[in-house]
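Novice: In order, the protein sequences belong to chains A and P.
Read in the working numbering, the first sequence has 36 at position 36, and its numbers run on one by one without any break.
Read in the working numbering, the second sequence has 58 at position 58, and its numbers run on one by one without any break.
There may be inaccurate statements among the hints.
[Stated by the list, open to error] Under the rule of at most 16 Å between Cα atoms (straight-line distance), these lysine to aspartate or glutamate pairs were calculated in the EDC-like manner: (1) Lys223(P) <-> Glu75(A); (2) Lys217(P) <-> Glu75(A); (3) Lys217(P) <-> Glu82(A); (4) Lys79(A) <-> Glu220(P); (5) Lys60(A) <-> Glu3(P).
These are computed hints drawn from the structure, not numbers from a lab.
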Amino acid sequence: MKITIGATVTEAGSSVRNKTGGWRNMRPVTDLAKCKRCGICIIVCPDAVISMKTREEGPKTDYDYCKGCGICANECPFKAIEMQQEER
Amino acid sequence: MNEESLFASGHTACAGCGATIALRLLLAAAGKNTIVCQVTGCMEVVSTGYPNTAWKVPYIHVAFENAAAVASGVDAALKAKGEREGKNIIALGGDGGTYDIGLQALSGMLERGHDVLYVCYDNEAYMNTGIQRSSATPYGASTTTSPPGKFSIGEDTPKKPLAEIVAAHRPSYVATASVGYYQDFQTKVKKALSKKGPSFILVYTPCPTGWRTPSEKTMEIAKLAVDTGYLILWEMENGDRNTLKVTKMPPKPRKPVEEYLKIQGRFRHLMNKPEELKKIQELVDAECKRYGIE
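Please work from the sequences and hints to get the whole structure.
Specialist: The structure is reproduced here in structure tokens:
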């Protein structure tokens with residue numbers, strides 16, 4: 001690995017190379033029928049893994065990075081997210 | 001993955017970390033024309049493991065004590081070059097780097113009147129090095145350097161009133177916030193950045209690892225702290241104490257502080273000590289009374 005002068009990092013947001021999804025014990029699964037697309041889960045996720053492109057599609061969780069903390073499920077006002085045991 | 005987030009996925013914070021939520025909210029409110037100067041601490045360690053970074057804004061990591069000093073320098077340099085307009089400068093520190101180690105640099109920044117927003121994320125101990133007490137650790141909390149036992153009830157001094165110490169410098173803006181009430185926090189960030197001169201926000205961020213709480217309860221605890229009056233959300237503008245107001249009133253009647261304490265492992269040893277619980281409730285009541293909360 002070549003070390004830059006002053007150990008400067010020039011690529012923004014390059015931490016996405018760390019796939020932190022392997023930490024997960026519990027998997028959040030969103031029931032899109034119960035989901036009202038309020039977007040609270042997107043705001044409260046510490047790992048920025050939930051995104052919503054269109055209302056039809058609904059919120060999508062990126063399991064490559066989700067650590068399974070369960071904040072989304074706990075904060076969902078409509079109880080649309082369920083934490084399920086991760087199986088590997 | 002949420003591409004819009006200015007704080008990228010793949011950082012190595014613990015699951016359920018409250019401080020990373022605070023950073024994401026902070027950057028979402030400040031926008032991409034922001035320069036961040038951050039001290040050593042949890043959020044620096046988890047976001048900048050060389051050669052990667054979770055930041056999508058210009059970022060400099062400095063020593064444990066001098067985020068405020070470096071941010072002052074960034075402000076002065078940009079002013080000298082005539083490039084200060086349209087940029088936000090944010091200094092970031094944890095409670096260790098602000099309450100204890102960085103206090104004099106912060107005081108200097110406030111006194112010199114630099115146009116910088118200092119944000120302190122407060123998780124009430126030195127979490128990244130292994131949960132040692134700081135001067136932000138509240139009365140009764142168990143940490144590795146204030147362990148409860150036969151002759152100890154855990155931390156034996158109350159928390160330092162940092163936001164009030166900052167308010168005594170009469171900055172352009174000073175406020176306390178909680179990640180639990182994120183709209184209130186983001187409004188305060190925008191307000192602070194809209195003002196010329198130094199501003200300070202103390203944001204309360206639960207730490208599942210250090211507080212021994214379930215990872216999914218982070219936001220719930222941050223809200224409970226406000227609803228029990230344990231944490232008072234207030235703001236003061238233009239260094240004028242007449243503008244001081246509480247921005248989020250706890251419900252009437254206030255929830256008992258025991259509700260907030262009992263879900264945290266760091267207060268577990270107090271649960272069979274009613275006299276200590278009464279003492280903490282009295283401390284909270286006295287503080288609420290000072291701010292005109294029933």
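Novice: Compare the structure with each hint and give your call.
Specialist: Here is how each hint holds up against the structure:
no.	hint	result
1	Lys223(P) <-> Glu75(A)	11 Å, holds
2	Lys217(P) <-> Glu75(A)	9 Å, holds
3	Lys217(P) <-> Glu82(A)	15 Å, holds
4	Lys79(A) <-> Glu220(P)	15 Å, holds
5	Lys60(A) <-> Glu3(P)	12 Å, holds
The structure meets every hint from the earlier list without exception.
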